[in-house]
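The task is simple: from the sequences and hints, build the whole structure.
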Amino acid sequence: MADGQRTPLSIREGKPALGAGAPLPALRREELREHLPGVEPERQLTDWGRSERIEGLMDQTLVEFFYRYWFRAEVEGIENVPANGGGLLVSNHSGALPPDAAMIAKAVKEEHSHPRPVNITVEHFFKGYPGFSMLIPKIGCVAAHPANVQRLLFDEEQLVLVFPEGRKGTEKLYKDRYRLRRFGRGGFVEAAMRAKAPIVPICVVGAEEAAPVFAQMNLMKRLTGLLYFPITPTFPHLGLLGMLGYLPAKFKVRFLEPIRFEEEGMYEDKALVQTVANEVRARIQENLWDMVSRRKSVWFG
Amino acid sequence: MTDSRRILVTGLSTYWGGLLAKALERFPEIEAIIGVDNEEPTVELERTEYVKVGAQHALLRRVVEAAEIDTVVDTRLVVDSTTTSSSKAHENNVIGTMNILAACSGPDTPVRKVVFKSSTHYYGCEQDDPAFFDETMSRPHQPRTPIERDIVDAEASLGDFAETNPDAAVTILRFANVLGPDVQTSHVGLFSLPAIPMILGFDPRYQFVHEEDVVHALEHAVRNLLPGIYNVAADGVLALSEVAGLLGKPYAPVLPPWGTGIATSLLRRVGLHVPPEMQMQLRYGRGVDNRRYKAAGFRYGNTSRETVIALAEHMRLHPLMRGAGEPYRYEREVEEFLRWSPHVRSARTPDGSGLSRDQLAELRRALGELTGEEASALAEPPAPAPDPEPAPPPKPKPRKPAAPPPRPGAPVDHYDDLESEEVISLLGSLEPGDLRVLRDYERDNAGRSSVLGAIDSVLARSGDASGVAPGGTP
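Line order of the protein sequences matches chains Z and A. Residues in the first sequence are numbered consecutively from 1, following our numbering. Residues in the second sequence are numbered consecutively from 1001, following our numbering.
Keep in mind the hints are simulated off the structure, nothing from the lab. Glycine included, C-beta positions come from ideal geometry on N, C-alpha and C. Take the hints with a grain of salt, since some may be wrong.
Stated by the list, open to error - Quick partial rundown of chain Z residues pointing at chain A, CB under 10 Å, derived from the structure:
{"#": "1", "residue": "Met-134"}
{"#": "2", "residue": "Asn-148"}
{"#": "3", "residue": "Glu-264"}
{"#": "4", "residue": "Glu-268"}
Below, the structure is given as structure tokens:
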């Protein structure tokens, strides 16, 4: 109930010129958690637009096929994924229509002792592109907005998969394979610290060879309005389905030791955030080199 | 609970203003409800006083000061650009809000609380929106449509008001898309089509709020002290395809993803108006975080899903019930007759079901005895016994000079024989002083809440503010 306690107007975020500034009562976020909307069992979609039906259908057909028979995914360290509470999965990223996200989500579902849905963060681009906009949320993807990650991690205590490289990772060419790009601005670390959720670094080997990108066509990108327009072994000459024309590389997924944040207010220390982000990146890169160096064959592992 | 007792509702003739005033009439501790608007009210009101003002609310300050308004509820924001022209909407939303706030500010203003009905259009709909807007977030881009610009401007002037008037509590309620059987919005229009039009390749997320929840939310803000901004949207965010399913209608992706503006202007030719803010919503959708208002004690009656189902049920039934209910029309002379005429015995009970002439006389005599006996017993100045003739109407301004002071009543046999309905039907013809005596007596003896409530409301209606003691209600 209101206690008449008021915080100054400066609480508003963003540009003050746009924000109407009636004072907000100070409310701790923990108190809000109990007011999350309940689940309506009659519904087929979640509030995020995720459809268990469509996701299940994809999972049992396409994802199952790729995971088991095409990529023959091999998983290690799955116990590093927390069985309950929020968890931020951080992975390297590659491939034109990246198969790594679906494989990580499938790995958690298949191998973990407590299978849980994984929320995959994607570019805002997908929400604005017809077709993708309809499909992407249905299969468990959410836009990579800090507020979305915060709500999923802290309020709903779910697993969130982020690719801090973003599109810099997926548009990189085959010659740059397994060389991590910059890890954004460390926003993912801040999100995990705010939610006090552990970060689980993940290394995926095989995705680079499954969907190699030979060139980027900037003119075509502009004409189609897509995020990028790559030349792969099967795209664009086999049409849009060519996006799914992955080569049968052997997939290896390694979940690394989680990094935990217990202290209050760590996210305010920008230097610490950057240090942790670099640490996560270094760990993933190190393990990637290790996994690639042990690999005898791209196709058979 | 706050001490909101004298309330001014702007936009009384809008759907929300009328319903809110009607809802507030239920509370006897609210002494005065004054509704202003430039058009006549569209719902039947019992004790709300309607004052006609110009569109810009320029003279509102005099009303506020004269009636010592402590709470102003502003319900008149236009959030649907199909309802009026954009220049009229701007006049109403920006200039009107400015003038209303000007009427509430100043060093000696009686206003202690301002409740403002806003809209989640404040946040807009864009590609890079978060999935759930919370109240601390501002929109990621400048507003693109005139109506959104107006809402942002109006809220900005409330922010200024809150800063310059730290004593006044400012509550802004941002409502999601409202659905319900009685309200007409462009989305209700969209959903009553035989198929739900969609933009090809998009399935936006929608959050709704039931029309009853809107009124309850406004009422909650009036009856509690809740400074700040709150989103009001029911639990559950639905995809538009899900909405179509609940309505039992097919969805038709008839709008092209590119050149949507051209397509909608063509649709307008054939009579379907898709306003620009709705186009953005049909593309990107919007969800808001509704937890803060829930944490402030508000409970929703419906989820988004239940809201859509209620609308669907109404839509199936509506064609069968057409013309069943006559719409209410405000007629000043009739309203004034019902409120102030001495011949109106009670606004609540229909004519003919009251007491016979003999019973009426008996009650009068009983009350006369009551006040007379008491006066002599306590050796106070004798209170005038009520006239045997029907008492003159209790007017709000000229109070009766010698109303008897309230005192505990003595048991009167005749009075106790009367049923509560019979007592209530008499109240309209009694003087405020007698009413107070009667109320005290009733409270000490039978304590019938219906009778006590009726007495209080008659007292409040007669404008005799001193008659309503804070603890006097059950």
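_If you test the structure against every hint from before, which numbers come out violated?_
Of the numbered hints, 3, 4 do not hold.
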